[in-house]
Amino acid sequence: MSSQMEILDVSKAYSDSKKALPALQSITFGVDRGEFVCIVGPSGCGKSTLLKIVAGLERPTSGQVRFEGKPLTSPHEKISMVFQSFALFPWRTILGNVEYGLEMQGWPRDKRRGIALECLEMVGLSECENMYPKQLSGGMKQRVGIARALAVDPEIILMDEAFSAIDEFTAETLREEVAEIHRETNKTFLLVTHNLPEAIELADRIVVLSARPGKIKNILDVELERPRDKARSDFVQIHKDIFHLLKEELESSIVKHKISCIHEFQKLHDMETK
Amino acid sequence: MNIRGLSTLLDRRKTQKASVKFGSMLWLIPVVSFMIVWELVARTGIVPTGRVPAFTTVLATMYKCLMIPDFSLRVFRSFLNLSIGILSALFLALPLSLVAGLRSRIDLTLTPIIMLIGALPDLALLPLVVMWFGPGNAAAVMMAAICAFFPIYFTVREGAKGIPRDYFHVATVFKAGRFSTTSKVILPSVFPNMVTGLRLSFDFVWEIILAIEIIASVTGIGTFIESSVSAGTVEYAFAGILFVGLIALSVDRLLFRTLESRIARWRE
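Those sequence lines, one after another, are chains A and B.
Taking the working numbering, the leading residue of the first sequence gets 1, the next gets one more, and so forth.
Taking the working numbering, the leading residue of the second sequence gets 1001, the next gets one more, and so forth.
Some hints could be false.
Listing some non-contacts, in silico: residues in chain B with all C-beta distances to chain A over 10 Å [what the hints assert, rightly or not]:
id, residue
1, 1021
2, 1028
3, 1029
4, 1185
5, 1210
The list that follows gives simulated cross-link-like pairs (lysine to any residue, SDA-like), each with its CA atoms no further than 25 Å apart [unchecked claim]:
id, chain 1, residue 1, chain 2, residue 2
6, B, 1175, A, 56
7, B, 1175, A, 34
8, A, 215, A, 197
Keep in mind the hints are simulated off the structure, nothing from the lab.
Backbone N, C-alpha and C define an ideal beta-carbon position, used for all residues, glycine too.
Given only the sequences and the hints, what does the whole structure look like? Please build it.
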C-alpha cells in the first residue's frame, strides 16, 4: 500500500537577481495515514518551507507532493494547518475563529456553530466561545488554532513550530493534549520543530534535515511506548543520536562558512597587493 | 479581619470612589469660569457688546436660530456637502491605499505622487476648484473630498502594510477566494485605520468649512457666520460658531467614539 502522502524529490530555490539560492534539495519521503511525523533541522534549513509546500502555500521548484495518489498543486481541503504565530483573527470571537474554515467551505451557520463548539470542547476551551483572542494567553490561543484546524475534519494537520511561541510549562501540557488528540482521532500529523525532545515525545518518525540547502540527513523511527517519559534511557539515547547528527551538521556548516571567509579575505588581500 | 478593620477598609473605598467622582467633574471648573468671565467682560462693557456679545445673549440667539428654518437648512447643507465629500474620498482612497499597502511595487509607483499632491496646501487649491466647478455645492463637495483623501489614504495604507502574512496563509490554507479574503481578512484588518482616517478627515474638513463655503459661495453654516459678522449681528456669528463646535463634538462622540470603543473590545 502506498503512503497517504508522498513527497517526491522536492527541491526549492529562491531566485535572487544574480543567482538561485537553494533552500531544499531532493527531499523524498512518505507519510502514512495516522502517522505522526516530525521534521527537525538547524534553523534556516528550509523545514518550514517544506511544510508550506505541503500546505500549498508555496510551489516547489521541482519535484511534487502527492496526496492520496494525486499531485498536490494548491491547498487541499483535507489538509489544514496550525501556525507558530497562532494567526487568529483578532476581530473574531473564539467561536468565530474556529468557524472560519467551515465558513470558507460553505457550511450553514447552525451546523458551523455545533462543530466549532465540539472542537473547542476537545481543546478544553468551551467556556471561552464569546471571548476575543486578546483575552487569552498564548497557550490558549494555540488551542484555538488547533481547534480551527480540527474543525474542517482534515486528514492531515500541519504544525509549523506550533509550540515554539508558548512558555515551556504550557507547551508541555499542550503537547500531551496533541498526543491525545492524535491517538483519539487517528489523523496524520506533520510537525516542524527545532525542539528535539518535543519531536521525540510526539513522533512516530523523525525526518532530520541538514543545514541549508536542506537535504534529508536521516529518517528515524521512534518506537518508544506512549506516553513517553523524557527521563527514560531510550528517550535520552535517541536524543543523543539526533543531537549528534545535527551537531555534526552545524559544525560542518560553520567550518564551510569559515573557509569561505578565509577565501574572501585572501581575495581582498590579493587585490590590495596588486 | 475584625469588624473595625473591615469598616475602615470600606470607608477608604468610599472616599476613593468619591474622589474619582470629583476628579471626573474637574473639567467643569474652567468651563464654568470661562463662561462667567465672558459674561462679565461683556456685561461690564470692558469689551463693547458689538464685538463680543454676552454669553447669555449668545445662548438666547442659539435658541432663536433653531426656530429659523433657514438656519437648520444651512446646517444640513454644510453637513451634507462634507459627508458626500468625505464618503467619495473614502471610495477613492480605500481601493488605492489597499493595493498600495499590499503590493510594494504599486506603493513605490503610486505613493510618491500622492505625497507630492498631499504636500500642497489644500486651501491654495480652493480658488482653482471654484474656477473648475463653478461656485456652489459641487465645489464644496470637491474640496471636502480633496482634503479628506490624504488622511484616509495614508492611514489605511499603513494598516494594510501591517497585516501579518500569516493571516493570508490562514485564508489560503482554508481555500478562501479573492473576494472572501478581501471582505473577511483585509477589510476587518484595516477597519481601525479606516476609522482613524475618517476621524482625522472629518476634524480637518469641519475646521476649514468656513473657508470652503466662503470661497465656494455655498449657503451653509460657514457663510451664515460670515454674513452675520458683516451684517453687524455678531451674536448670530457666535451662535453659529458654537453650533459648528457642538456638531463636531457630537459627531465625534456619537459616531467615532462608538466605533472606537467597539474596536477596542477586540484590538490588542
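Here's how the hints hold up against the structure:
no.: 1; hint: 1021; verdict: holds (29 Å)
no.: 2; hint: 1028; verdict: holds (35 Å)
no.: 3; hint: 1029; verdict: holds (37 Å)
no.: 4; hint: 1185; verdict: violated (7 Å)
no.: 5; hint: 1210; verdict: holds (38 Å)
no.: 6; hint: B:1175 - A:56; verdict: holds (10 Å)
no.: 7; hint: B:1175 - A:34; verdict: holds (23 Å)
no.: 8; hint: A:215 - A:197; verdict: holds (21 Å)
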